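The lines below spell out each chain.
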Amino acid sequence: MGPDISHHPLQGADGSVTFSSNLCSILAAANGPVEVQRRDELPEEAAVEVNIRPPSGVSGPRERWLESVVAAVLRSVLHLHMHPRTLVQITLQITKAPSSTLKGAIRDVALLPSLINASFLALLDGGLPLRSTVAAVFLAVVGMGEVREDPSEKELAGCKSVHGLAYNNHGDLLLSESSGSFDLAEWENIADQAEETCRAAMAPLDEDGVVMKGTMSSGPWLRQELTDKAQAAVAWREAT
Amino acid sequence: MAAAMVLLPGENIPTDKLPKPKKGKLTLGPGLQHTPPSTISATTAGSLQVDHRKAALWLEHAGGRYQPSVGDLVIAQIHHSSVETFSCALTPHTSFAILGQLAFEGVSKKTRPQLKAGDVVYARVSKASKWEDVEIECFNSATGKAEGMGQLKGGMVFDVRPAFARRLMMGTDKEGVSKGGVVVLEEVGGKVKFEVAVGRNGKVWVDSGSVRETVMIGHLLRGADEGGWDVEGQRKAVKKALRDV
Numbered sequence: 001m002g003p004d005i006s007h008h009p010l011q012g013a014d015g016s017v018t019f020s021s022n023l024c025s026i027l028a029a030a031n032g033p034v035e036v037q038r039r040d041e042l043p044e045e046a047a048v049e050v051n052i053r054p055p056s057g058v059s060g061p062r063e064r065w066l067e068s069v070v071a072a073v074l075r076s077v078l079h080l081h082m083h084p085r086t087l088v089q090i091t092l093q094i095t096k097a098p099s100s101t102l103k104g105a106i107r108d109v110a111l112l113p114s115l116i117n118a119s120f121l122a123l124l125d126g127g128l129p130l131r132s133t134v135a136a137v138f139l140a141v142v143g144m145g146e147v148r149e150d151p152s153e154k155e156l157a158g159c160k161s162v163h164g165l166a167y168n169n170h171g172d173l174l175l176s177e178s179s180g181s182f183d184l185a186e187w188e189n190i191a192d193q194a195e196e197t198c199r200a201a202m203a204p205l206d207e208d209g210v211v212m213k214g215t216m217s218s219g220p221w222l223r224q225e226l227t228d229k230a231q232a233a234v235a236w237r238e239a240t
Numbered sequence: 001m002a003a004a005m006v007l008l009p010g011e012n013i014p015t016d017k018l019p020k021p022k023k024g025k026l027t028l029g030p031g032l033q034h035t036p037p038s039t040i041s042a043t044t045a046g047s048l049q050v051d052h053r054k055a056a057l058w059l060e061h062a063g064g065r066y067q068p069s070v071g072d073l074v075i076a077q078i079h080h081s082s083v084e085t086f087s088c089a090l091t092p093h094t095s096f097a098i099l100g101q102l103a104f105e106g107v108s109k110k111t112r113p114q115l116k117a118g119d120v121v122y123a124r125v126s127k128a129s130k131w132e133d134v135e136i137e138c139f140n141s142a143t144g145k146a147e148g149m150g151q152l153k154g155g156m157v158f159d160v161r162p163a164f165a166r167r168l169m170m171g172t173d174k175e176g177v178s179k180g181g182v183v184v185l186e187e188v189g190g191k192v193k194f195e196v197a198v199g200r201n202g203k204v205w206v207d208s209g210s211v212r213e214t215v216m217i218g219h220l221l222r223g224a225d226e227g228g229w230d231v232e233g234q235r236k237a238v239k240k241a242l243r244d245v
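Chains A and B, in that order, give the protein sequences.
For the first sequence, full-length UniProt numbering gives the first residue as 1, with consecutive numbering after it.
For the second sequence, full-length UniProt numbering gives the first residue as 1, with consecutive numbering after it.
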């Protein structure tokens with residue numbers, strides 16, 4: 001169910017995760033709160049630094065833009081006021097990027113939801129204080145106005161527009177990036193669908209563990225992953 | 001027994017889960033935040049633990065960086081000394097904690113402790129707030145006694161996760177069963193003589209007769225932490241390691 005996630009692959013970072021969707025794979029590492037350079041120090045909150053590395057070549061303006069978008073989203077998610085004059089550092093290594101046959105703008109929009117999901121999971125793994133839970137989803141409008149969630153490369157060929165949106169568990173919209181041709185009514189429809197998917201990703205599990213919702217969404221993958229992880233952490237309590 | 005409730009960041013605790021304190025005061029541990037007047041929300045993903053006796057709640061979360069809090073026993077390494085204080089590191093890449101040169105048992109201005117950069121001390125956190133530098137002391141300022149704190153000479157320091165260090169420090173209950181589910185040190189202690197100090201900041205200091213034994217104990221602790229061994233697994237690993245010593 002849902003994307004492929006592996007927890008804490010790196011021993012050196014406070015929190016780390018690998019996150020794979022249909023189009024890309026990200027290795028995310030989070031460190032913090034750590035000492036900050038004097039020039040980046042903020043008097044009442046933590047500074048957030050995001051570093052994005054492409055799979056090959058050096059990073060350039062495209063990565064800088066992605067970093068600024070991801071940093072803005074994470075600033076609304078982290079409890080920055082709990083650790084003033086420190087630094088929260090997130091490094092995102094794209095291990096598999098969307099194919100270069102797709103247009104640049106589509107690739108950028110496709111990367112953002114995975115980058116945000118990976119950063120959130122890495123921050124959680126690192127125990128940094130968070131204000132809300134975030135889920136991001138990548139949607140494409142293909143063919144006759146049909147909306148596909150987390151499409152594969154084949155499905156993306158000839159798509160009309162692509163959209164990356166993220167919602168938190170208080171219903172706030174934290175990310176909205178789009179590329180292609182669409183009108184406002186279409187966007188509103190897509191935003192509603194994205195909200196439903198993100199809400200479903202964080203939906204409570206029932207007694208048996210997993211509840212699969214009827215729509216096209218991939219079920220409560222975020223809730224399931226985090227619940228499994230939290231229960232593994234207290235397994236020793238159940239044993240004694 | 002039903003598994004404890006798992007909360008995600010930003011979720012509020014339902015009021016029926018809250019313990020009813022006798023004095024009307026509720027203590028919040030790590031992972032929870034209070035928004036006045038009566039909302040308690042989670043700041044991490046963890047399972048909710050409630051202690052009805054102490055009217056305390058917290059979220060259990062494995063991993064993450066150690067955050068100093070007053071009263072914790074920690075293992076600090078001296079980085080450098082200045083006129084009145086030693087600057088010590090509790091965790092890598094964070095600002096130094098301050099250890100006063102007179103914060104030891106039985107010292108005066110004429111007889112200061114002889115500590116140099118690189119020395120390891122067992123100390124207690126005396127001040128920790130987000131606005132100031134962390135301060136530690138090597139004696140109990142109320143009684144003036146060292147109570148086991150002070151310089152740790154020789155031996156070796158191993159890194160473990162802070163949550164595991166907490167389990168090691170949990171002690172034993174009435175029947176002598178380890179409350180934290182870690183029996184490695186007791187099992188090894190049956191055959192090998194060694195001294196150990198556990199720091200809540202994820203550091204364990206071990207000093208045994210020989211380097212081989214010290215390293216063996218360190219490996220066992222690391223294995224129990226990262227391998228997630230249960231009590232049986234720990235006993236087996238200890239038996240196997242002791243055979244080679």
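Source of the hints: derived by calculation from the structure; they are not laboratory data.
Treat the numbers as computed from the prediction; the structure is a model and nothing was measured.
Where is the CB? At the ideal position from N, CA and C, for every residue including glycine.
One should not assume that every hint holds.
[What the hints assert, rightly or not] Now the stretches of chain B that chain A is said to cover, found in silico as 3 or more residues with beta-carbon under 8 Å: (1) 44-50; (2) 93-102; (3) 152-159; (4) 206-217.
[To be verified] The following residues of chain B were derived to be distant from chain A, with all beta-carbon distances above 12 Å: (5) Lys20; (6) Lys23; (7) Arg167.
Please count how many residues of the region 152-159 of chain B have a CB within 8 Å of a CB from chain A and say whether that reaches 3. Check failed, 0 qualifying residues.
Least C-beta distance between B:Lys23 and chain A, which was stated to exceed 12 Å: holds, 27 Å
12 Å cut-off, C-beta based - B:Lys20 kept clear of every residue in chain A: holds, 23 Å
How does the region 44-50 of chain B fare against chain A when you require at least three residues with a CB closer than 8 Å, holds or violated? holds (count 5)
With a C-beta cutoff of 8 Å, work out whether three or more residues of the region 206-217 of chain B approach chain A closely enough for the coverage to hold. violated (count 0)
Per the coverage rule (Cβ-Cβ under 8 Å, at least three residues), is the region 93-102 of chain B covered by chain A? With 3 residues close enough to chain A, the hint holds.
Measuring Cβ to Cβ, find out whether B:Arg167 lies farther than 12 Å from everything in chain A. violated, 7 Å
In this structure, the hints that do not hold are numbers 3, 4 and 7, in rising order.
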